[in-house]
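The numbering of the sequence shown is numbering that gives the first Met the number 0, which starts it at 0 and goes up by one.
In case anyone wonders, no lab produced these hints; they're calculated from the structure. Bear in mind the structure is a predicted one, so any value in this text is a computation, not a measurement. From the three backbone atoms N, C-alpha and C, an ideal C-beta is built for every residue, glycine too. Some hints here could point you the wrong way.
Label pairs and their in silico Cβ distance ranges [what the hints assert, rightly or not]:
1) L1069 - L874: 32 to 40 Å
2) P498 - P91: 53 to 61 Å
3) D403 - D562: 39 to 47 Å
4) R887 - E54: 44 to 52 Å
5) G710 - A957: 43 to 51 Å
Straight-line C-alpha distance at most 20 Å; calculated DMTMM-like pairs for lysine to aspartate or glutamate [to be verified]:
6) K1125 - E969
7) K1125 - D1101
8) K354 - D394
9) K354 - E671
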Amino acid sequence: MFNSRPSRAPGGGVLPWVLPLLVLAAACDSASRERPPVAEAAGTWRFYRELSLDEVGGNVPAMHVDPGGGLWVAVSGDATTAGRSRLYHRPPGGSWRVVHEGPFATELSLSSWRAGEVYFGFNHTLNGFEPNLLRVTAEGSEPMPTPRERLDDSEFLQVGSYALLPDGDGWACGQRARMWRWRNGAWVHQPSFAAWTPEAGANTYYCGQVHFDAQGQGWVLEYGGARLWRWTDGRWERVPPLDGDKEHALHASGLGSREGRLYRFEEDRWHPIPGPFSLGNIVLDVDGRWGASEGTVFRVERERWVPVASGLRFEPRAIAESGGEVWVLAHDGIYRSTDRRVPTFAETPPGTLPKGLLHTEAADFDGDGDEDLLALTPEGGEGTGSASMVAFRNDGAGRFVPLDGELPRPIQLWNGRFALGDLDGDGDLDLAVATRAGTVEVWRFSAGRFERAWALPANNASVALVDMEGDGDLDLHVVTQERHAFYLNDGAGQFTLGPEAPTPPGTDHVLWDDADGDGDADGFALRWRDPPLLLRQDAPGHFQVLPLPLVAEGGAWTDLDRDGRPEASAQRLHNPERAFPFVTCPPTPSGGCEPWPHPAAPAGLVVDLDLDGHPDVIQAELRVGARMTQGGEVYLGGARGFERITDITGPLSQPAVFDANGDGAPDVYTPERGLLLATANAGRAVRVDVSASHSDSRAEGAWVLLRPEAGGPPVATVRARGGRARVGLPDPLARYTLEVRFPTGERRTLAGVSAGSTVRVSDVEGPARAGRLAMLWVSNSVRLANGPREGVSLLLGLLALGWVGRRLVPGQQRVTLPVFATSVLVLLGPLVRWGAPGVLLLGPGALLASLSTGLLRAWNQRRRARRHAGPYVLLEQLGSGAAATVWRARGPHGEVALKLFDAEAMSHPEVRDRFFREARAGMQMAHSNLVRILEAGTLEDGRGFLAMQLVDGPSLRAHLAVRGTLAADEVRGLAHDVASALAALHGAGVVHRDVKPENILLGSQGAVLTDLGLVRSIVFKTVTRHGAAVGTLAYMSPEQCVGRPVDGRSDVWSLGVVLYELLCGHRPFLGTHELELVYRIHNTPAAPLPSTVPEDLRALIDRCLSRDLEERFQSAEALLEALDRKEAA
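Produce the complete structure using the sequences and hints provided.
Okay, structure coming up:
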């Protein structure tokens, strides 16, 4: 709706009386209206200011959504000579930026029919209200023709609105009821929508908006909203006034308002749209689906309007919907309909995953890099307590396929009845399950299905997997009503009854983690309506049983205070009608714990939903499976505590949180709603993969901590599941230090981690750990020795050792040493259990196999490092320099040019920061003469890498070696391409620092500038090497070669040297060593160019090579303009 008049009358000044009258009318109207209490009007939405604006201006602003969901906002600025009008753009999922800026403007108009572009119309007040129309995209803008008519000698006839339509169609309208139509690239007069006469004045029948909706219905609105016309049968027909001649306001969507009530024009008459209270001055979106009025945002439905938020403290000027969110342009900025990055979820189509799955566990059980699903489905209804197991494999894009083959059944519908982990060390996840048939079974995953491998009798049992011995494989903990038992894993998935475990009476389930930080597993034993117990492990298999001062029927190991130490968080379930908060109990060095409550943190599943580093909570019953009345409430954690956001996310009862579609954002599955995909951007997180690093090859239970790179306490912590973790970052632009703490005590630290990166930890183990494992197996073998039973295995063990020594081929990836794990551990195990002679043989045998395979693996890693760099396979070396090597490589982006920087250069913090800063700037630039940067990062060995577009074509150096010199026209073309690339680079705040023929490639579309000069400051530490290669130094500007600060003018000098060499066949300054070359660059003139060089090109090169910075071209843009003037001439 337009609720102000145009700012100037024909031949007159600004109309100062229009806005005061409207404000006075609105004040009178609001004073007479009865407003409901805020509690009645309040909806479920929150708004926060995403972009602050200080010059919205008094003229009517414009807000528009293009077909691709991009948002465009135009503001007029202050009505002064210093006022600035601006056009802002926000692509879907992106950030706001100014795409056009100019003097104060009026009659702002936005329309579009294609994604990513908008037609921006406005009148320049300082130029006699001259009409302007721009076609604007994210890359820039271009002027379009406008209908121009003179109002008098000093002013143009003002155009009030434009509507550009598909298929080359469009409309424009303005003062004096003028109408134009866009035909064949020009504006053509059309019959007016009303009969204007000079006596009426220029602002009578002043068209303020022309709009066509998606159905092709057109509307024309007079400024002030008093009269409305619609397009009917090829002509404009006036819509009858709303309720006679009473004061009203109409909108270009067929809606109207009078005395705080809303109406819709249909079937040739006005129909009231009822609502809960009266409205003030109203703004509507272009389609009439959303509106705002004096702190209230409402949705317009077919038969009513519904407020979604009230009590808002801003003055709405425009409103629009994009991407499922409502945006409001207010007097002080642009507001968004979410608060604190509230996570939102999208329903998935039927068939993605069936609803009704219970006790859902997400993990990558097939080892292909995405998260699969394992769950229970009730048999005969949920009340029977019996269930079957189902499994779904993820195809990587969020599509789940039922797993073929048999699965365990029947299973009791209760927590702790199955657990996933890599039991046989082959890199995938196996299954331990307690069935209702009175057995505990181990099912291995092999050849795309689960197969039963081992079973033992146990009634009414719960199971857990934990590395009880600290030997790197997962052992089995079985809890029954009669006893607790540990079954020790031999590394290949075969289990033997271990030492007697403490058996606290009434224990339902035991949760395992390293509570005291000593590198072994401790238990949090939950008992129904009895205080829980801490099973503190002092030595493998030896526990202290310590009562905890808590009441806990449910619980979890959490890190709510983000200190990097797990705490026992207890949940009370006595009253299912009430949600008791967590009571957290951090273990103390003395063995107990000191509870402290979280009054604002309801108990449930702890997960970082919004990826900000703060733990969030989805309220759920941790013992049985979320049957509580208040289950599914969602709370976001932060510096201000926990905030309930269930009204935005919807309830998430009995949730399973995992990354279903591989985009890095946490998705949610609930039995009631099925799979919900997160719609938030996952660029705030760091993915950590520790699946090939330690223990059971999946590092189950490793804790990941993030600290600021400058040091300090952890700002985010998470526990790895299935070998993977996703850590949200409080500041997505900052850099962090990442620490991985493994269940057996080892730690790994990596600095310089940033948002959106993936960290893979794969080299934690070493010979010292292998020796410790050998000694551990010696002691276990003595304890488990059974001579009569295993005497026959002596000969088999000796034969196996000989076979390993002869073949020495790495097998399964477990612990550190694959051959030791499969051969010595599995095959020599029976040997040493024969008695003392076997014990004596184990030490040398294990040590020999360990050292041999350790050397073999080290050699293999070095060999792989020569052929791989992270996810890239090195194919062919393309070149090398002082600090980097360039390879043709194949990786996630296909074939690329991969530049590998030395670890020494990347070890300098200032260089590393500039490298990532300039790499990010390069990735954001898209220019035909700049090589496109696809990815940047650091490898585990400290080297930096830069993946760039592979340009098929020779370098300018190779071309010059063949040609000798180039013609003047060719040099001009090359100069134009390189100057254009430098202008784009300098515009992004990046100085190249190394413009030379080696860094200019001749592609099919022209010259392409490569090598953005990253980490250049470390390359040239000295200039005193006699006889050293001086190729790069010869192209440096005087200020650069002596280490002074440089800007874009240094690149202009370097380009001048290149152009000189192309015309002469040699560089302008030559020397036998670097000191001589530096002297000549500073003191001797360049040799004259050949007489055949055109005068304009000679002058251009001379100016580029001016030692006086003020006489040199001040920017690459200025050099480009000089070249363009010559081409135009």
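Status of the hints after comparison with the structure:
Our hint of 32 to 40 Å for L1069 and L874 holds, since their Cβ atoms are close to 37 Å apart. For the pair P498 and P91, the beta carbons lie near 59 Å from each other, so the given range of 53 to 61 Å is met. Taken as a hint, the range 39 to 47 Å holds for the pair D403 and D562, whose Cβ atoms sit roughly 45 Å apart. Taking 44 to 52 Å as the suggested C-beta distance range, the pair R887 and E54 conforms, at roughly 51 Å.
For the hinted restraint 43 to 51 Å between G710 and A957, the CB-CB distance of approximately 48 Å keeps it satisfied. With a C-alpha separation of about 14 Å, the suggested pairing of K1125 with E969 holds against the 20 Å cut-off. Between K1125 and D1101 the alpha-carbon distance is near 16 Å, which keeps this suggested pair within the 20 Å criterion. Note on K354 and D394: the hinted pairing holds, with a Cα-Cα distance of about 19 Å set against a maximum of 20 Å.
As the CA atoms of K354 and E671 are separated by approximately 6 Å, the hinted pair is consistent with the 20 Å bound.
Of the numbered hints listed earlier, not one is contradicted by the structure.
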